[in-house]
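Using the sequences provided together with the hints, build the complete structure.
Respectively, the protein sequence lines represent chains A and B.
Using the working numbering, you'd call the opening residue of the first sequence number 859 and step up by one each time.
Using the working numbering, you'd call the opening residue of the second sequence number 5 and step up by one each time.
No wet-lab data here; the hints were simulated from the structure.
Owing to the predicted nature of the structure, the values given are computational and were not obtained by experimental measurement.
Where a beta carbon is used, it is the ideal one built from N, C-alpha and C, also for glycine.
All clues given are correct.
Some chain A residues well away from chain B (every beta-carbon gap over 12 Å; in silico):
#1 Gly908
#2 Lys972
#3 Pro977
#4 Leu1135
#5 Leu1140
#6 Pro1141
Below are the DSSO-like pairs computed for lysine-lysine, each with C-alpha atoms no more than 30 Å apart in a straight line:
#7 B:Lys74 to B:Lys49
#8 A:Lys1127 to A:Lys906
#9 A:Lys1092 to B:Lys128
#10 A:Lys958 to B:Lys242
#11 B:Lys130 to A:Lys1096
#12 B:Lys41 to B:Lys16
#13 B:Lys242 to A:Lys1092
#14 B:Lys130 to A:Lys1092
#15 B:Lys128 to B:Lys287
#16 B:Lys287 to B:Lys74
#17 B:Lys54 to B:Lys16
#18 B:Lys128 to A:Lys1096
#19 B:Lys242 to A:Lys1096
#20 B:Lys74 to B:Lys16
#21 A:Lys958 to A:Lys942
#22 B:Lys16 to B:Lys130
#23 A:Lys1010 to B:Lys311
#24 B:Lys155 to B:Lys311
#25 A:Lys1127 to A:Lys884
#26 A:Lys1139 to A:Lys1010
#27 B:Lys74 to A:Lys1096
#28 A:Lys1127 to A:Lys1139
#29 A:Lys1010 to B:Lys305
#30 A:Lys942 to B:Lys242
#31 B:Lys16 to B:Lys49
#32 B:Lys41 to B:Lys54
Label pairs and their computed distance ranges (CB to CB):
#33 A:Thr948 to B:Lys155: 42 to 52 Å
#34 A:Arg1125 to B:Glu129: 47 to 57 Å
#35 A:Tyr882 to B:Pro73: 53 to 63 Å
#36 A:Asp1130 to B:Pro73: 50 to 60 Å
#37 A:Gly961 to B:Phe275: 49 to 59 Å
#38 B:Ala27 to A:Lys1092: 45 to 55 Å
#39 B:Glu307 to A:Gly961: 36 to 46 Å
#40 B:Asn174 to A:Asp945: 27 to 37 Å
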Amino acid sequence: MSHFNAPKYPTKSVKKKDIPKGLYVKCPISGEIIFNKELEANLMVVPKSGYHFPIGARERIEALIDPGTWHEIASEVVSGDPLKFVDSQTYPDRIARYEKESGLSEAVVTGYGKIHGIPCSVAVMDFRFCGGTLGSATGERITRAIEYALEKRIPCIIFSTSGGARMQEGILSLMQMAKTSAALGRLAEARLPYISVLTNPTTGGVSASYATLGDVILAEPGALIGFAGQRVIKETTKQTLPPGFQSSEFLLQHGLIDQIVSRLDMREKLRDLLLALFVRKLPAGSRN
Amino acid sequence: MEKPAYTLEFEKPLLELTRQLEALQHRSSENQIDLSKEITSMQAKLEATKRDVYSNLGPWQRVQIARHPKRPGSLAFIAEIFENFQELHGDRQFGDDQALIGGTAFLDGRAVMVIAHEKGSDTKEKIARNFGMPQPEGYRKALRLMRTAEKFGLPVICFVDTKGAYPGINSEERHVSEAIAVNLREMTLLRVPTISVIISEGGSGGALGIGVTDRVLSFENSYYSVISPEGCASILWKDAAEAPRAAAALKLDAGTLQEFGIVDELVPEPFGGAHNDPAEAAKTLHTALTRHLAELSKLGKEELLEKRYARYRALGVYAERAQG
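Now the structure itself:
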């Protein structure tokens, strides 16, 4: 089995400073210097080390979906301020800042399109917007994407990346876990495939709802995936965390996910899975 | 007045008045002098102060009452409310989580399945029950019991009382995220009436893991939050001592939960909190459970599922921006 020979990709936590901005960037694994243009052309995967930098939602969609088939839905859904939450700044100011920085209006982009001609409803989260946290608008967009799949009787694919629930929306954030899971319950009853792809990092409330409910769960290499934060686990248990704890590779070893898939192979993997679970026959010329 | 075994910070004025009252009574009996006027006036003052303190509780004060060491836990309520509880153990796969228990019982003679977080009452029991913080096995046992309930047409009644799912290495290795997520999904599909009650602490995903039900009730001093006030404070203000501020910002009190449609009914507590009269608290809750179960029992299975979906589908506050 090929994944046992796969290179080890140590997990690195995503910090804002790690998201490349300048002309070139240093690989956190190999230390090699790589031009940003080259990195972007390679879907933010460092060619030699295979390290996966975070990728923007729109860039991922562009790499994934057949050209000219993408239609965004639910983009009108944006955050409210139910709690009138203020910490170092007001919640609306915080949202406005993320919007400006990321060019996105929420932590997820939702829509539908085709992958190798197979129609699917897709939600792609983006860590740059409020750490990919799950707010009411995020949950609403994802739920609409699931309901769109249900309505059109097509598969659903969700790419997760999240620091967890969005604290600034309090309990309403927690309830998005219930809302999205309820929609996935309907999708499951309709026997429509749901593929969940976990990317670095997928933690907290998102991991404890739609991210782990896939008929198939894939993960990008070296992603941090878990329910509780490592600092909290260390403080609570007073134990040393095992090497690679909460990495994609750790999850695969423990039988918690189906495969680790490089971003560069994702489109082909998804095609095969959609062909098997949705189309249920292999079209001529599709053998690999 | 009986001296409370534990005094919360905001109850200190009451303690002081109680002391003064006792001193007066003592002086009166020791010295054989009539201080009845002073005593009556002091008693009135104490009652007024009590009313004042307990009628204006802020979010942090309610959190403190919810965590009161003498507050009754699930097993205490189960014993008061239900008949013939038979605990059913284990997830049939790995182990038996004593932080999340369940079993068959009867409510007013009707068979039900009860599922509950249990923190334990003494130190030894608290340790055995991991202070009410479940691991994946707990959630998988809960799901097993819910499916048994569905098979035999028993309504499911859940008592939520946890700081959260246990953050441990083994928990992660056995996929606590998945255990909770599957419960969220499956609870929306259960073909029997379901009710949950937040009896004290509703800690995040660990609470929600048995809380996706047709009706959600909450005691008036319980709280339900996406993160603990301490956790929120250490993230936002780098100081867990800012918990009272975080509790206010998170608006985690049961009143706000009702406004957001997360809680359907607030169950009133005896004056000063359920610990002051557990039997009375249980009686009030019993009446509420009976009423909600009767209402849900009138619905057909499809209608029940439609309403449940609509209930969770509607949760959230967002805006819809005009498209340019």
